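Its first residue numbered 1, the sequence shown is counted upward by one per residue in UniProt numbering.
Source of the hints: derived by calculation from the structure; they are not laboratory data. For clarity, every value in this text was computed on a predicted model and none was experimentally measured. Among the hints, erroneous ones may be present.
What the hints assert, rightly or not - Keeping only pairs whose Cα atoms sit at most 20 Å apart, straight-line, the calculated SDA-like set for lysine to any residue is:
# : residue 1 : residue 2
1 : 306       : 285
2 : 325       : 313
3 : 339       : 245
4 : 224       : 322
5 : 325       : 302
6 : 339       : 289
7 : 306       : 331
8 : 339       : 282
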Amino acid sequence: MSGARRAAVIGGGPAGLMAAEVLVVGGVQVDLYDAMPSVGRKFLLAGKGGLNLTHGEPFEDFLTRYGARQAQLAPWLTDFDPAALRRWANALGIATFVGSSGRVFPSDLKAAPLLRAWLQRLRGAGVSFHQRHRWCGWTDDGALRFATPTGERTVRPDAVLLALGGASWARLGSDGAWLPGLAARGVDVAPLQPSNCGFDVGRAGRAPGWSAHLRERFAGAPVKPVVLSTETSDGRRFHRQGEFVVTATGVEGSLVYAASALLRDEIAAHGEASLTLDLLPDRNPDWVAAEVARPRGPRSLSTHLKSRLGIDGVKAALLHELLDKEQLHDAARLAAALKALPLRLVAARPVDEAISTAGGVRLEALDERLMLRALPGVFCAGEMLDWEAPTGGYLLNACFATGRAAGQGLLAWLAAGER
1 MSGARRAAVI GGGPAGLMAA EVLVVGGVQV DLYDAMPSVG RKFLLAGKGG
51 LNLTHGEPFE DFLTRYGARQ AQLAPWLTDF DPAALRRWAN ALGIATFVGS
101 SGRVFPSDLK AAPLLRAWLQ RLRGAGVSFH QRHRWCGWTD DGALRFATPT
151 GERTVRPDAV LLALGGASWA RLGSDGAWLP GLAARGVDVA PLQPSNCGFD
201 VGRAGRAPGW SAHLRERFAG APVKPVVLST ETSDGRRFHR QGEFVVTATG
251 VEGSLVYAAS ALLRDEIAAH GEASLTLDLL PDRNPDWVAA EVARPRGPRS
301 LSTHLKSRLG IDGVKAALLH ELLDKEQLHD AARLAAALKA LPLRLVAARP
351 VDEAISTAGG VRLEALDERL MLRALPGVFC AGEMLDWEAP TGGYLLNACF
401 ATGRAAGQGL LAWLAAGER
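Take the sequences, apply the hints, and build the full model.
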């Protein structure tokens, strides 16, 4: 590669690694810098529960999961759609399968073999990795600054690609510390917020959070099946069946994550968000009302609910937590609550606990090549961009796709000789 242009990729997550692959295949010398001792740490953490690479639903439905940013992300996701991602993994020797939920996983449900094979291929292609290099911005004359174990280091590549992640799970390397520096250089950024996050509950007339009884007995318990419904003050609606988990302070889990953007925004605007839980989604209201109203004789309400409606454990505990005695012992009101149990949320959990973040570099700050308009020759990709999506493979697929698109954009910029 003598005489080849040199690019610095900063960030060793899926977006940065994918960009590095595109660049090195395109004939560019690539130096990849990461603040941590090894790359792909959050990627490996995601694989602990079975690496969810993407989703197998129809592509038209797939695109809708990106909400307000669907139109902007569509070209990049079309270029590297779920089928393309699966072909890419297969070329690394990693077979994939579609689970019963439509989610796509490696056949062995592990992230480490894929990452190992990928890094081996990247090193074989000539990518140079520089661990324990924390990016600190630019010098006055435009060189990149890195803090390293042996002191500060500066480098002058022909182009830069930033894939710095969001601000969740900071201990794995993504802490959002880059945002003020880019803002100071004229880049339009949105504040980083938790996405795919849990929430704290509030109960009228009581301190936020659950009672000691529910917290001590049921924190960590899954609630399923259940339908979560909410409508925000600006008319956005969410209605979906799934499951969630009771936490020490509130709720989290896949169903809550899917609604988290709406719930977070509603809390930000009005200080709270309201939702309802259908604890018996497979039963119609008339059946529920009839069963609740049946005479129970000497049996306790708990025994009646368990024997007639299958309501016990954490579902029964939620009823006792969220309804007063009058509601519990009024058959009509209890039946209505079983189909629409009200729950009030008062705060999103801190951003570092979230699975991902919203906010970051606004897409309007980038041109069609994913180059910053304010900083020619600097490209951005991955979760540091201002988009969000639910869990289910959508997050990873978009990180891969934007990394690929930014790498292609950088190649085109170099080829055009705009430097």
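We went through each hint and held it up to the structure:
1. Taken as a hint, the residue 306 and residue 285 pair is honoured in the structure, with Cα atoms around 17 Å apart against an allowance of 20 Å.
2. Distance hint between residue 325 and residue 313 is fulfilled; the C-alpha atoms sit about 18 Å from each other, no more than 20 Å.
3. Pair hint residue 339 plus residue 245 holds up; C-alpha atoms about 18 Å apart against a cutoff of 20 Å.
4. For the proposed pair residue 224 and residue 322, the alpha carbon gap of about 17 Å is at most 20 Å, so the pair holds.
5. Between residue 325 and residue 302 the alpha-carbon distance is near 13 Å, which keeps this suggested pair within the 20 Å criterion.
6. At roughly 10 Å between alpha-carbon atoms, residue 339 and residue 289 fall within 20 Å of each other, so this suggested pair holds.
7. Taking the CA atoms of residue 306 and residue 331, the gap is about 15 Å. The hint holds against a cut of 20 Å.
8. With a C-alpha separation of about 10 Å, the suggested pairing of residue 339 with residue 282 holds against the 20 Å cut-off.
When held up to the earlier numbered hints, the structure conflicts with none and fits them all.
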